[in-house]
Amino acid sequence: MSDQKNGTTMSQEPARDIKKVAWRLILAFQCCENFEREQAYDFLYCILPFLKRKYKDRSEELKERLTANNNFFNCNPVFTGPVLGMTCAMEENEVDEETIQSVKVGLMGPLAGIGDTLVYTLYMSVLFAFGAALATSGSIAGPIMVIPLVLIPLFLARYYGTIYTFKKGMEAMDQIMTIMDSITSVASKFGCVMAGAMAVLLVSASTPLTMQLGKGTIKIQDRLDSILPGLIPLLVVGICYLLLKKAKLKPVYVLWILLVVGMLASVVGVL
Amino acid sequence: MGIGFGVAIALSLWAAFCILDLKCFKTALFSRPLLAGFGAGIIMGNIPLGLSVGGTLELMSMGVWNYGGAVIPDYTCATIIGVAIGAATGKNFSASIAVAIPVALLFTYFDILAMTVNTFYQHKSDQFAKEGNIKKLEAMHPLGYLTWALSRAIPVFLAVAFGTTVVNNIFSVCPQWVFTAIGTAGKLFPALGIALLLKMLPARKYVVYLMLGYFLAAYLKFSFIPITIVGIIVIGIVEIAKRESAAANAKKAN
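Residue numbers (the working numbering), protein chains in the order written: chain A, 1 to 271; chain B, 272 to 525.
For the record, the hints were derived by calculation from the structure and aren't laboratory data.
Only a predicted model underlies this, so the values are computations on that prediction, with no experimental measurement involved.
Note that CB positions come from ideal geometry on N, CA and C, so glycine has one too.
Be aware that one or more of the hints could be misleading.
The calculated lysine-lysine pairs, modelled on DSS-like cross-linking and capped at a C-alpha distance of 27 Å, are [claimed, not checked]: (1) A:Lys168 to A:Lys56; (2) B:Lys476 to A:Lys52; (3) A:Lys52 to B:Lys406; (4) A:Lys20 to B:Lys407; (5) B:Lys470 to A:Lys250; (6) B:Lys470 to A:Lys245; (7) A:Lys20 to A:Lys63.
Over the 12 Å line for every Cβ pair with chain B, so calculated as not near, a few chain A residues [said to hold, decoys possible]: (8) Leu25; (9) Asn76; (10) Asn93; (11) Val95; (12) Glu98; (13) Thr99; (14) Val103; (15) Val105; (16) Gly142; (17) Gly169; (18) Thr178; (19) Ile179; (20) Phe190; (21) Leu213; (22) Lys215; (23) Asp222.
I would like the entire structure built from these sequences, with the hints used as guidance.
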C-alpha cells in the first residue's frame, strides 16, 4: 500500500485534510445528533475533506461513499479520533466501502465503552467532585482549576488520536487497544474506590427519628451509626442501582422517584 | 425585583454556550453545573451564590453523564436558572435549589425536542449524499448548532425574564416544609449518579475496592484527598504484586 501505512512521510494534502478532520471532531461532533442515527451525519461531516478531494471527479463513487458513511454511528467523542483516523486512512487508500463500514462499526462499540468509562465515569467525575467540594466551601479555585484540566487532555486526545491513527493505520489501533486495557483496569479499580467513598461523602441522609425507651430517648441515627455508619446513604445508592439494573428504569425516572420518595420521607419525618 | 432584559439575554446566551459545549465542542466542561453556575453567578453579580449552587448541583449530578447518548436531566439550565432566580429574588441558596430541581427534570423535554428536530437534518443529508452534493452537506451541518442553542436559550430566557414574579408568588403561597422536603430529596440525588457509575464499572469484580472507599469514608471519616492517596497506594501494591507473580511464573516456565 502507500506511505501512510508505514508511518513515513505523508504527502501534503492528506496531512492538511486530517487536521481539518480533527478540528471538525473537536468543534462540531454532536451538532446534528438525532435519535434515528445518532452521530451519523456528524461523522460524515468530519470526513468530508477527504471524500471531497479523493472523489472530486468521480461523482458516482462519491455518492456511494457519502451515503455509506451516513450510517448509524455512536461513539464517545473523545475516543472517536481513532475511528475517524482509521476511516480516513482507508478512504485515502480507496479500500472497498464494505470493509470500511465494518471496521467503523467494529471500533465504535469498544471505544465508546472504554471512552465513557475512562473519560466520564473516572476522570471527569473525580475531577469535578474535587472542584465542586472547593466551590461549595466558597473557593473560586473550584471552577477555575477544572478548566485547563479538562480542555488540555480532551484536546490532545481528540487531535492526536485522529492524526496518529491516520498516520499509523492498523498498527496504531492495536497499540491503542493494549494500552487502553491496562489503563482501564487500573482506572476501574480506582473508580470503584471513589464510588464507594462518594456514597458516603455525597449523599446526605440521616433519620431524625427517636425512640422512647424507659426514662430516656434514643436517637435511632446513633444506633444505626454504631452498626454501620453511612447505612442510609448506602441503602439509597443500593436501591438506585437495583432500579437501574434489575428494573431497568431510565435514570430520569429514578430521579423522579427519588424526588417523590424523598419529599414524602421528609414530610413524614423519616428523613 | 425582577431580572432586567439585558441580564436575561446574557443568561440565555450563556445557557446556549454551555449547551453547545455539551453537544458540539464536547468538552462537557462549561455545561457542568460547576461552571454553568459560576458563569451565571458572574452575570448576576453574585459569585458566592453561583459557586455554592453550582457546586451543590454538581455533586447532585455526579456520575450522571449521557452515556451512549442517553437523555439526562438538564442540570446545566437548572443551575443557571436556579442561580438567576435565587439572586434576583434575594432568597438565595434555598430558592435556587428549590427552583433548580424541577427545572432539571422538565428541561429534558427540550433536549428530546432538539434531537427530534435534528432528525430532519439527518434525512436531508441522505438526500444530499445521494446527489453527491458536498457543498450542501457542509453548509447544513452547522445548523445543528442552532437547534441546540435555541433549545435552551429560549426557555431559559422565558424562565428568567418572567420567572421571578412567578417564583415569588409560589414562595409566598407555599409553606416552608415544601422547600425543606425538596431540599431533603435533592440531597438524595447523588445516589443516582453513583449508581450509574457503579453500573458502568465492573462493580462485582472489584467490590473490595468499593468496600475500601466506603469504609475509609464512613468509619475513618476520610475526605476525597486522603481516600485518593490510600486508593492509589493499594492499587499500586496490587499491580506490583501482579507483575511480580507474572514474572515468577514466567521464570518457572523457563
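Violating hint indices (sorted, rising):
Failing hints, ascending: 2, 8, 9, 16 and 20.
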